[in-house]
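Respectively, the protein sequence lines represent chains A and B. Numbered by the UniProt record's numbering, the letters in the first sequence go through residues 1 to 411 in order. Numbered by the UniProt record's numbering, the letters in the second sequence go through residues 1 to 411 in order.
Hints listed in this document are in silico derivations from the structure and should not be mistaken for laboratory results. What you are looking at is a predicted structure, and each value in this text was computed from that prediction instead of being measured. Please note that the accuracy of each hint is not assured.
Copies of the same chain look alike in the list, so a pair counts if it fits in one copy or across any two.
Derived pair list, reagent style SDA-like, types lysine to any residue, alpha-carbon separation capped at 20 Å [said to hold, decoys possible]:
(1) Lys-386 <-> Val-148
(2) Lys-171 <-> Leu-365
(3) Lys-171 <-> His-357
(4) Lys-282 <-> Pro-224
(5) Lys-349 <-> Thr-361
(6) Lys-171 <-> His-283
(7) Lys-129 <-> Glu-286
(8) Lys-386 <-> Gly-152
(9) Lys-205 <-> Tyr-387
(10) Lys-386 <-> Arg-132
(11) Lys-386 <-> Val-337
Protein chains: 2
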Amino acid sequence: MASAGRQVRRLAAQLRPNLKIPAAQHAKRQWGSAQRAASSSTPRAALSRPSPLPLCCAAVALGIAALLTLQLTTADAARLDVAFLADKDAQKKREAGVSDDSPMRLRMEKFIKEQQLLIVKELEAVDGKRFRRDEWTRKNGGGGITCVLQDGNVFEKAGVGVSVVYGTLPKPAIQKMRADHKTLDPDVESLDFFAAGLSMVLHPKNPMAPTVHLNYRYFETANPDGSSQAWWFGGGSDLTPSYLFDEDAIHFHKTLKEACDSHDKTYYPRFKKWCDKYFYNKHRGECRGVGGIFFDDLDESERDQENTFAFIQDCLKSFIPGYLPILEKRKDMPFTVKEKEWQQIRRGKYVEFNLVHDRGTAFGLNTPGSRVESILMSLPLTASWKYMHEPEPRSREQRLVHVLRDPKEWV
Amino acid sequence: MASAGRQVRRLAAQLRPNLKIPAAQHAKRQWGSAQRAASSSTPRAALSRPSPLPLCCAAVALGIAALLTLQLTTADAARLDVAFLADKDAQKKREAGVSDDSPMRLRMEKFIKEQQLLIVKELEAVDGKRFRRDEWTRKNGGGGITCVLQDGNVFEKAGVGVSVVYGTLPKPAIQKMRADHKTLDPDVESLDFFAAGLSMVLHPKNPMAPTVHLNYRYFETANPDGSSQAWWFGGGSDLTPSYLFDEDAIHFHKTLKEACDSHDKTYYPRFKKWCDKYFYNKHRGECRGVGGIFFDDLDESERDQENTFAFIQDCLKSFIPGYLPILEKRKDMPFTVKEKEWQQIRRGKYVEFNLVHDRGTAFGLNTPGSRVESILMSLPLTASWKYMHEPEPRSREQRLVHVLRDPKEWV
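With the sequences and hints as input, model every part of the structure.
Here it is, written out as structure tokens:
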């Protein structure tokens with residue numbers, strides 16, 4: 001936590017000059033109660049979250065509140081609304097809990113936190129070691145829980161993270177995001193948003209056991225007045241073996257297909273193709289792995305919010321039955337030094353995809369105040385790059401590369 | 001070479017539909033002689049370079065040469081001019097050799113190839129193992145020589161590459177490049193260019209011996225009619241220790257300062273600062289290493305071409321005296337397992353910089369037909385990412401991080 005705390009303080013120092021909060025809006029914002037709420041759930045919050053109070057007092061003392069109000073840019077106003085929304089949500093949770101009538105923001109947050117607990121428990125049972133758990137908060141509201149099991153018995157590195165963000169997107173992030181979501185106005189300087197998601201990457205030690213990735217997220221953008229502007233769900237899950245067992249790929253895809261089919265028969269074929277296209281290491285001319293499903297922009301133009309949330313829930317719940325049986329089968333298989341080396345080379349390509357092509361990683365690294373260690377927990381513990389490494393002709397390694405260059409239909 | 005050959009063939013297949021060469025221009029292009037020239041110097045060229053002849057013949061046979069001429073887009077025309085320029089240059093070299101009167105393209109190519117030979121020889125003498133040498137050609141002209149020593153006695157991975165490119169920049173690459181070179185028109189769809197450069201990254205095994213990077217390059221852009229539009233030099237060299245020895249940083253910077261000072265006293269302070277700014281891992285809030293020099297856009301607005309070339313030559317020649325004494329001092333120092341682990345973590349940050357921030361890497365990966373293995377030879381043989389890894393307070397590791405966060409003046 002030492003580095004995260006430092007990072008938050010550094011960021012706070014950078015942002016401080018923009019925090020021009022007029023006295024009139026300050027009262028309405030109920031900072032005190034929000035801070036108590038955050039502190040009660042996360043003891044570290046009070047330490048790492050800079051209090052805006054001295055700044056406001058200083059402004060009032062100087063008698064420049066009115067001037068500051070005039071000086072507020074749209075971006076400043078938007079940033080304040082996001083903090084306001086975070087406070088309102090915290091208050092709702094505190095006073096009434098979260099039910100089916102709560103805003104989707106709170107329902108999604110509750111669901112992914114429950115799932116995180118459940119998944120972490122299952123993975124600990126498989127590995128025998130415990131996850132480290134870091135709870136962190138964001139300056140403008142929100143925060144997350146990052147759970148990492150490193151150098152375990154089964155996992156080289158396993159990260160299961162939940163993050164809840166009330167934030168403001170800078171222009172470059174909006175533009176990157178537009179690739180998935182064409183309705184966003186590319187010309188605005190900044191955009192308020194809410195995002196809640198569960199992200200997971202598991203890198204097992206045994207080269208016969210595949211790496212798996214999962215991410216499900218809910219997004220809302222806000223109008224300058226703070227009201228909800230647009231919402232959408234996105235996510236998916238994909239499997240990245242170093243050694244390909246067809247039966248594993250088939251089982252993984254089958255489980256996802258069942259989750260999809262119970263909601264819409266068109267989902268699996270569409271999202272399977274989308275996954276192959278998205279998790280593509282363009283500069284290598286190969287897919288990252290054997291795919292799974294990927295989608296974004298699931299909004300009201302596709303289906304109503306309630307049904308889409310139900311779909312997301314089923315997808316996420318299908319993870320344990322989709323992956324654990326594969327892991328159980330492979331985690332104790334014998335392997336050679338050469339096979340471990342091949343795994344390390346495949347890990348290198350994984351790093352390349354995540355750092356060069358993944359829009360999620362780019363979005364995270366471009367979001368001011370993001371927690372870098374939580375974003376990059378997806379990177380493997382170790383990776384290797386050998387110049388001009390080529391698998392032997394007709395080897396198992398070669399067969400994997402063939403499939404990565406020409407994705408198969410598994411179910 | 002197997003994979004490079006495949007890559008070239010795949011690219012050739014992708015480009016083939018665009019290769020609409022009118023018969024009238026075909027004769028002028030002297031493809032036959034250019035191909036002979038390329039084949040004589042690089043026997044593999046004839047195999048990997050697809051012959052355009054059958055396409056032209058087909059076009060003529062169909063009697064659609066005139067139609068094709070009309071259909072040529074500006075981008076097609078430009079691409080043809082670049083191939084033409086490559087042929088002209090190859091012919092000049094063949095017939096008259098390279099002298100001080102030759103175009104800068106040929107002089108720079110000759111110089112960096114001589115330097116590559118010399119540096120490779122020196123590094124082989126230090127390591128005791130030999131470099132692997134791959135010569136490769138590009139479809140539209142140009143090519144390179146990539147020398148890599150992997151898993152040596154001293155070097156984990158050492159890459160020394162020369163590349164000579166006659167190419168066409170797609171829009172995203174132009175836009176990335178504009179960050180350095182504001183005179184480029186961001187609105188054109190493509191731009192012909194020539195680039196020749198020497199790139200080197202050395203990752204020693206011993207964690208006490210620093211990684212070093214060097215790159216010097218010459219750039220020319222071409223008007224649609226093939227005439228030279230603009231030229232500039234760029235480059236630099238920087239040192240990335242895992243364990244900081246002040247005397248090493250001082251020696252490295254001093255050597256660079258001397259090379260700079262003999263040309264312009266303002267160069268070193270300006271280019272030292274530029275280096276600290278450029279090799280900066282923004283998402284980590286730290287510099288990649290202890291810097292050196294970095295510059296770009298050295299064109300006629302700065303100084304004439306002859307003097308700038310002389311400066312580049314002195315910089316490149318200062319590499320051996322700047323780095324080898326450091327390596328000699330450190331390569332056999334004792335080290336612990338913990339120190340090796342710290343080096344692996346620093347290697348991870350090196351990978352992050354190269355894949356997330358380095359414009360050179362992005363430029364390479366965005367250039368159609370680029371040789372990916374030559375671009376990514378800069379990545380270390382092995383790297384590691386540990387979640388939330390923090391050096392001990394007041395340790396040597398901690399001191400390095402302090403310096404990376406707040407770059408020092410070394411001379």
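Each hint, compared with the structure:
no., hint, result
1, Lys-386 <-> Val-148, "between (28 Å within a copy, 10 Å between copies)"
2, Lys-171 <-> Leu-365, "within (13 Å within a copy, 24 Å between copies)"
3, Lys-171 <-> His-357, "both (19 Å within a copy, 18 Å between copies)"
4, Lys-282 <-> Pro-224, "neither (37 Å within a copy, 29 Å between copies)"
5, Lys-349 <-> Thr-361, "both (15 Å within a copy, 15 Å between copies)"
6, Lys-171 <-> His-283, "between (26 Å within a copy, 17 Å between copies)"
7, Lys-129 <-> Glu-286, "neither (34 Å within a copy, 33 Å between copies)"
8, Lys-386 <-> Gly-152, "between (26 Å within a copy, 13 Å between copies)"
9, Lys-205 <-> Tyr-387, "between (23 Å within a copy, 16 Å between copies)"
10, Lys-386 <-> Arg-132, "between (32 Å within a copy, 13 Å between copies)"
11, Lys-386 <-> Val-337, "within (15 Å within a copy, 22 Å between copies)"
Hints 4, 7 from the earlier list are contradicted by this structure; the remaining hints agree with it.
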